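With the sequences and hints as input, model every part of the structure.
These protein sequence lines map, in sequence, to chains A and B. For the first sequence, the positions run 1 to 79 when the numbering used here is used. For the second sequence, the positions run 1 to 79 when the numbering used here is used.
Worth flagging that the hints you see were computed from the coordinates, not collected in a lab. Hints are supplied without guarantee of correctness; some may be wrong.
Any copy, or any two copies together, can satisfy a pair, since identical chains are not distinguished.
Heads up, simulated SDA-like pairs for lysine to any residue below, C-alpha to C-alpha not over 25 Å straight-line [what the hints assert, rightly or not]:
hint: 1; residue 1: K2; residue 2: R40
hint: 2; residue 1: K2; residue 2: V41
hint: 3; residue 1: K2; residue 2: G18
hint: 4; residue 1: K2; residue 2: H26
hint: 5; residue 1: K2; residue 2: D47
hint: 6; residue 1: K2; residue 2: R53
hint: 7; residue 1: K2; residue 2: E72
hint: 8; residue 1: K2; residue 2: V77
hint: 9; residue 1: K2; residue 2: A34
hint: 10; residue 1: K2; residue 2: E32
hint: 11; residue 1: K2; residue 2: D52
hint: 12; residue 1: K2; residue 2: T20
hint: 13; residue 1: K2; residue 2: A24
hint: 14; residue 1: K2; residue 2: P16
hint: 15; residue 1: K2; residue 2: L75
hint: 16; residue 1: K2; residue 2: D59
hint: 17; residue 1: K2; residue 2: Y74
hint: 18; residue 1: K2; residue 2: D73
Nothing here was measured: the structure is a model prediction, and the numbers come from that model.
2 protein chains.
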Amino acid sequence: MKVTVVINRRPEIADPEGTTVRRALHELGFTEVAEVRMDRVIHLDVDDDDQDRVRDRVDVMCSRLLANPVLEDYLVVLG
Amino acid sequence: MKVTVVINRRPEIADPEGTTVRRALHELGFTEVAEVRMDRVIHLDVDDDDQDRVRDRVDVMCSRLLANPVLEDYLVVLG
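The following block contains the structure:
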């Protein structure tokens with residue numbers, strides 16, 4: 001089963017990578033870029049077709065490894 | 001104008017970050033994960049409402065800074 005996990009920093013948490021990219025874009029002349037935020041998308045190919053179990057297991061993967069629950073929110077999309 | 005750029009490694013290009021995450025998941029017991037691939041999503045807030053110009057400028061940003069055109073494909077979504 002294909003699973004997509006979208007991970008984004010919580011809106012109230014600063015995004016230092018995005019800030020760095022914005023600064024680099026400004027240095028290249030793209031001064032119209034007011035804000036940059038970066039998300040991560042993780043595509044998993046899981047050898048299991050039990051949707052409930054996959055959702056539960058991916059949720060544990062996110063909290064243990066894939067996401068930082070202090071700084072980030074995540075969304076799990078099956079299929 | 002809000003712009004979203006989705007950047008993914010070309011399918012034929014190995015994804016070492018994904019391979020590392022898969023190995024870590026296996027070490028944590030998630031051996032059902034057969035493959036992991038990572039994409040990046042960049043959200044830009046651009047101070048410009050001219051769609052054609054924004055698309056052209058973001059395309060240049062991608063090729064100059066945001067994406068690696070040798071390894072990655074990117075998709076620009078306006079609005």
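Status of A24 relative to K2 across identical chains (alpha carbons, at most 25 Å): Between copies only: 19 Å across, 35 Å inside.
Intra- versus inter-subunit Cα pairing at 25 Å for K2 with R40: The answer is both: 16 Å in one copy and 18 Å across copies each meet 25 Å.
Alpha-carbon proximity context of K2 and E72, limit 25 Å: both (22 Å within a copy, 21 Å between copies)
Intra- versus inter-subunit Cα pairing at 25 Å for K2 with R53: within (13 Å within a copy, 36 Å between copies)
Within, between, both or neither: K2, V41 at alpha-carbon 25 Å: both (13 Å within a copy, 19 Å between copies)
25 Å Cα threshold - placement of Y74 relative to K2: both (16 Å within a copy, 21 Å between copies)
Within, between, both or neither: K2, A34 at alpha-carbon 25 Å: between (35 Å within a copy, 10 Å between copies)
Status of D47 relative to K2 across identical chains (alpha carbons, at most 25 Å): within (9 Å within a copy, 37 Å between copies)
K2 and P16: within-copy, between-copy, both or neither at 25 Å Cα: between (31 Å within a copy, 19 Å between copies)
K2 and E32: within-copy, between-copy, both or neither at 25 Å Cα: This pair counts as between: shortest inter-copy Cα distance 12 Å, intra-copy 38 Å.
Identical-chain pair category, K2 with D73, by Cα at 25 Å: both (20 Å within a copy, 20 Å between copies)
Intra- versus inter-subunit Cα pairing at 25 Å for K2 with T20: between (33 Å within a copy, 19 Å between copies)
Hint violations for this structure: none, all hints satisfied.
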